[in-house]
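Work out the full structure: start from the sequences and follow the hints.
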Amino acid sequence: MTAVSRAWGRLTLPGRIVFTLVPLLAVLGAGLVALIVLFGGTAADLILANLGFVRFLAAATIILVITIPIAFLNIYLEMKVIALMNLRVGPDRVGPWGSLLSVVHGLKVLIKEDFTPTAADPIVFTWAPVVTYAAAVMTLLVLPFAPGLYGQDFNIGLLYFFAVGGMGVVGLLMGGWSSFNKYSLLGGLRSAAQIVSYEIPLTLSVVGLLILAGTMSLNQIVQQQSGWFTDWFVFRQPLGFVIFFIAATAEANRTPFDLTEADSEIVAGFATEYSGMRFGFFFFAEYVNVFILSALAAVLFLGGWNAPFPFPALSIPLYPGSLGIPLLFLIALVPIIGTLALAAPFYLARSSMRWWVALIIGFVLFNVVAGGLTFAWAYVSFDWVAGLVWFMAKTFGFVFVFVWMRGTLPRVRIDQLMGFAWKWLLPAALLNLFVTAAAVVIVGS
Amino acid sequence: MHGPLRLASRLVPPRTLLPRSERRPLLAPFGVRIGLTGIWYIVGFAVAAVSFTFLTFGAAWLLSHRNRGDVHKGLPYESGIDTLGDTHGRFGFSFYIYALLFVAFDIEVVFIYLWAVIFRDLLLAGFVSMLLFVGILLIGLAYAWRKGVLTWR
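Chains as they are written, first to last, in this note's numbering: chain V, 1 to 445; chain D, 446 to 598.
By construction, these hints were calculated from the structure, which means they are not laboratory data. Hints are not guaranteed to be accurate.
Pairs of lysine-lysine, DSS-like flavour, derived with a Cα cap of 30 angstroms [to be verified]:
# : chain 1 : residue 1 : chain 2 : residue 2
1 : D       : 592       : V       : 423
2 : D       : 518       : V       : 108
3 : V       : 112       : D       : 518
The following block contains the structure:
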């Protein structure tokens, strides 16, 4: 024993890491191989027999996990864009251009104390952020991200979206009520009144679109907008789009309609008494909600995953598997040759450059070139890659507009807010509905 | 169509003894029911979302520090002043009116959605009947507007 410990003491840190990791990986690998040999056939059987169920499990996991980077990206975008609009620098310390600051924010919220006030109702207090988050995230189930890339394709997709998305207000109300704080109660009631009022114009603004589309399935709505960008519903339903966007801003509690957390009036609204992860989930849900409503706007009015112009039907006959043994040589040699080829000009042009600096530059350049080529190949060969690119571009365009409004517009008063929903948006939405219906009747008969 | 798992299915020999072509899917009753109605996807996803939240709460509970503090820590935060009066007391009447209006119009929306999807088959008859239906609700809205309910007080 002493010999082993003496030998261990003589090792440097990298040596210790290697001598720990290698046996561990060997044991794990052997275990994994044994597991696959013993149960691999049964597991494959099980998966193949219940392919629908397995697909659902995978979709649910991916959708839940994807909300985390989406929220982080939204928070970073918000901090940075508003800072640039205010002629500030914004986050610039953590990560490149401060891009990891929102991750640090998330970790900070995770390790903060999660405190329940003495007078609060602990069960309702705990469930409130859960309900808000679940309602936000469940709408992602029907959103088509790309061809073939969606949770479920319900024939009542849009109705499901609004029905489940509207549940979020229950969570806000629960949080406001259970906190036992006058500011929280006022914030919760305000958010209920606001969201409930804007729910009507929001849902009515898309009825004209439903008449034109003749279906509530989001997938089919997207497919009907394929072709040139003039086929997008925004050009056939301009009024509906404007109403939808205003109402979506209010639904997501964004400036200029962020009365629910108007910090100059009611501290932090429904979230006054919240701290730690439960507070975190309220705002997690809010940022996911911004993404979801932007995505819905893109899906309904901007053609979802359709490119703005029909892409010329290219096909690159490149199937990596069909190359066989040469593929191995390609994988082994091309990076080395590419790095050397890209490093050589730098090394030859500047005599003061060290050889390893030139190699690093060459390696980075090679990665950029190879990544770009791979992406271009994937864009042309797989329609879901192209679809995802366009979908994300449109969605984050809308997210940017939300942030832009926050950087530009002042908050409205609550009486203006409520009056606007009932006296302007609701009649306008009904007008849009009947004008569209009349047009369809005239054209159809 | 496989029914729910019945007792008789326990008499079937173990799956691995059957030839591959005769093996029934292990989760067949579950799977088929899922295929029939999408509601099970919704329920399953809701369960997944809620458990994700509680897992995160659990992680936060393990990572965070906790201390009970003194009696002042648990008081409601009302700008540093002790709470006066009843928190769950009276609040504005307008909230109630708006909730009532919402219920009327939201149920209307459900009907309008179904009507909109099949509108191309109904055409003029559908247009007139929906005009009547919405018109009746609009009379109510006009009455509320006239009474000044829509103005926040």
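- What hints, given by number in increasing order, does this structure fail? Structure breaks no hint.
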